[in-house]
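Student: If you want the building blocks of each chain, they are given just below.
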Amino acid sequence: MVPFAYTSVSDPLAAIERAGGGTGVEYIAGGTDMLQLLQEGVRAPLELVDINGIGFDDVSVAIDGVRIGAMARLADVADDPVIRERFPALAEALHESASPQVRNMATMAGNLLQRTRCLYFRDVTMPCNKRAPGSGCAALGGQNRVNAILGNSAQCIAAYPGDLAVALIAADAELMVRGPTGERTILAENLHQLPGDTPHVETVLKPGDLITAIWIPIAAAGRRSHYLKVRDRATFEWALASAAVSAAFDDDQVLEARIAVGGVGTKPWRLRHVEELLTGQRLDRALAREAGERAADGASPHEHNAFKVPLLKKTVERALLRIAGLQGDEA
Amino acid sequence: MNVQLKVIGQPVSRVDGPQKVSGDARYAAEFDVPDLLHAAMVLSTVPAGSIASIDAEAARRAPGVYAVISHENAPRLPYAPMSKRPQVDAQSGDQLRVFQDPTIHFNGQPVAVVVAETLEQAVHAADLVKIAYTQAKGDTSFETWRSREPSRGNEKAGRPADTQIGEADGAFAAAPVKVEAQYVQAREHHNAIELHATIAAWDGDHLTLYDKTQWPDNDRDEIAHVFGIPKESIRVVCPFVGGAFGSALRTWPHVTVAALAARAVQRPVRVEINRRQAYTAVGFRPHTEQRVALGAERDGTLTAVIQEAFGQVAKYEEYAEVTLDPARNTYACPNVRTRYRLVEMNTNSPCPMRSPGVATGMLALETAMDELAVALGMDPIELRLKNYAERDQHKDLPWSSKELRACYRVGAERFGWDRRQPEPRSMRHNGHLVGFGMATAAYPAHRSKATVEATLFSDGTALLRTAGSDMGPGTYTSMTQVAAEALGLPVERVRFELGDTDMPYAPVHGGSITMASIGTAVQAACQALLDDLAGVLRSHPDERLKALAAGEFEWRDGGLAPAGGRAVVPYGELLADLHLSRIAAEGQSAPGNESKTHSSSAFGAVFAEVHVDLDFGTVRVHRLVGAYDIGRVVNPKTARSQCIGGLVGGIGMALLEKTEWDSRFGKPMNANLAEYLIPVCADVRELDVTFVPSDDTIFNPLGVKGVAELGLSGVAAAIGNAVYHATGRRMRDFPILPERLLV
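From first to last, the protein sequence lines stand for chains A and B. For the first sequence, position 73 (counting from the first letter as 1) is numbered 73 according to my numbering, and the numbering increases by one without interruption. For the second sequence, position 673 (counting from the first letter as 1) is numbered 673 according to my numbering, and the numbering increases by one without interruption.
None of the hints are false.
Interface residues of chain A toward chain B, partial, derived using beta-carbon atoms under 10 Å: (1) Val2; (2) Pro3; (3) Ser99; (4) Val124; (5) Trp238; (6) Ala306.
The list that follows gives simulated cross-link-like pairs (lysine to any residue, SDA-like), each with its CA atoms no further than 20 Å apart: (7) Lys130/B / Met1/A; (8) Lys546/B / Pro562/B; (9) Lys130/B / Val42/A; (10) Lys130/B / Ala44/A; (11) Lys130/B / Val124/A; (12) Lys137/B / Thr125/A; (13) Lys84/B / Lys449/B; (14) Lys130/B / Glu40/A; (15) Lys130/B / Val2/A; (16) Lys637/B / Pro11/B; (17) Lys178/B / Gly728/B; (18) Lys178/B / Asp299/B; (19) Lys84/B / Gly158/B; (20) Lys20/B / Lys637/B; (21) Lys130/B / Pro127/A; (22) Lys386/B / Glu297/B; (23) Lys130/B / Thr125/A; (24) Lys130/B / Gly41/A; (25) Lys130/B / Ile54/B; (26) Lys6/B / Thr461/B; (27) Lys231/B / Arg85/B; (28) Lys6/B / Ala561/B; (29) Lys178/B / Asn387/B; (30) Lys637/B / Leu687/B; (31) Lys130/B / Gln39/A; (32) Lys206/A / Gly21/A; (33) Lys178/B / Ala332/B; (34) Lys6/B / Glu554/B; (35) Lys130/B / Ser135/A; (36) Lys84/B / Glu155/B; (37) Lys130/B / Leu43/B; (38) Lys84/B / Ala157/B.
Note that these hints are calculated values from the structure, not bench results. For glycine and all other residues, C-beta sits at the position ideal for the given N, C-alpha and C.
Build the full structure now, drawing on both the sequences and the hints.
Tutor: Written out as structure tokens, the structure reads:
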């Protein structure tokens, strides 16, 4: 751990000014990932700006959608009655994230920005293009069981680990961002970037940018949705594969669908071609199976994660069966 | 022993419970030592070669730093050989000698230490130490073609290269029914919640070590040899251990680091390894690959047992296991052959981890027995009963006690084994495949020499002391019960203390020997004390006092109970009359002839119900039932807790625990509790533990056999066998990860 300065602010504009002024200044909110990264020396900011006092932590319902404060704790949003009733996939994704203790601390925006669990990113003695650009990717040819099968590049195969971001894509969510130059809106889907040749650049956020809220349009509430997460142990683990599915039906015909998957991509992964496959069709077992079969199109697995290909297919199929009312409980 | 036991056998809650839940229990890293400095170790980042140069300039200049110590400036330590290697150490080779030369034996080896005013300063400065290496080509892959026989030291310690009874290969070839397969047990790490820590404080030539250890006396002995100082100059203090599972049996390099750093800076120094360091700075359960071949008659009678194992060892010393003990004595069979080989690697040394060797060997043997039952079309319990070992055929001795038949029967009843439909894939629930599986559990029972001091005070309370350890099984509580029983006192009036080398000698707190060793010494010490007290009374000039102990009497209800139903004279009154503030005696117990006339072991039968989702390859353990023969049960509550802990550990061994080793770098990559998976609460559902009636007074006067190691034995095999029953797919590579079922 490298010594750093610490500032606590209650005014969001002051926070943005502080963090936008130069390099090496980072926000800390719930800290559930940041502390691990600091302790392991993966991140070494010059200054941490503690934004726990800035507010932005409520859930408010409007006529055209729901606004979730970026600083709201995962546990509070997961248990919010409106979220549970209108956006079940979102509530499920939050409930399946981490542990109760972590959910009590972790914030919504912080969760979106959590870093990869790639074993080589987390071990500072190892080469890693994401942590130390140009040092190489040790996950290639290494222990890459948890790594990505979609969106890989020659420089990086680190999987995006979170659940919430996946569920938000399926809900057409938008992120309110305030930065040094003003306020803007980003589609949740567009927050993360592919690794390409610059795996250290993970999002479209710029220094000082602060996510202030998550907006979920009311249209998503009219759909049936489900978040299905598969992992080695029953809880407290990142997804080996997960699927957020959301669809509007006319009887059993799919009017429109959103499918996003997690644990498998270098970023939260939207399956547009599967959505198109479903649109206008009757969602029965055969179609769910066909959709599942297409879920891993373009996958580039490595030595230890080839199992994610069949796993992803089954995960998408099962999640679709669930919203079609054709599947019982999970393991 | 006395059949009207009052305290032994009662489910007494932990006497140290209030201390533990209130934070009052003091662990090694927590002692408040004045002028304490903090240390952070620097570990090697290559698996083999040597240190070319160390640039410690930036670290030395960093704020708060007192010293940076490496082989370049560390004092040469004597590392005097111990005349007899303690059983917790590797049996040949040289222990890692810290900071004595530039050689790198493994990735993650302690190569330097930084001492600073605060922990954060030390950790930061440790990052600033730049080390250049001359790399050598190490052996970082588990390659069985490089295997070799164990050394003579291990041969003598019961880890022989080859054993044979009868002619196993011929019998196997001729057997009408046979199974043969290979099994893999992954490298596992103890991951106790309390991290290893040592505070070293010198006072002139006298050294005090507050250390996490399962054996304070040996800790002292080893450091005395390392530094070449008399052991009387060292005191080791360790009243509480926050879990260890074998990781604190031996004295690891960081203990030496703490002591040498404290001497260098002339201040007390604390070394606490962090979670990532715990994967290389201490030991682990070795990766082991096995082959089992079983031959049988069509009625299930075993005619051949062949088990071969390749275990992982370090380059610099040789820790070997009793992996093949189960093959030699679990079942009756006239033809048994075992073969044990070791694969040297550039790794830190493995060490005992709960049920060392036995859990590994049992995993392969009990899976193979299930495969044989399938090949025979026979019920797995019936097959085991058919080959019931009435005696230990390897040692050619009778068992001192064995209630394994009762374990099978009681376990099967409680589990509902009769509801099992033998055909695989024939049971379903909520769309999932359901499987029932079982396995035998066993762990040999041993005891060692132990000494306990008992003191009775004039206020009618008693104190027992020994230099033992309590890593969590409840030693404080069970020993308090044994003493209370022997002295006829309620548990509230007995205090038991351990964890200090100023106390009488105690053996290692491992191998499940503590109750049979220290428990019997507690009994002996209490008896010696009461005999002394009776002697003092009998020889007393006061006729009244003399008369009390002259005739028949009993020690009960807090004092001396004369014959004829007269009132009990309380201990306090006796001591007051004798003008004594206290009376003390020492008691010792040691193994007798019983190990030459009998073989002793704890036994059990484990049953598992799993639900498998074949779409995802996920296995969830819905129920585990264990029925155990542990001899007399001193405390059913703490004994049960040990067994359910073993069952939970078994879920990890079967389904989760695995070191992700990168053979290019020779390093465990998932070195933290987020990626090295152990069961969480949601993975643990119904656990049922029963103890069958048993009392082994041949083995020791308390009739106990030991619990801890037994609790892990057989569990993973029972789960794997249940997975086979659920799916019809035989899993031989452990843990059973989703990808193995998805293939």
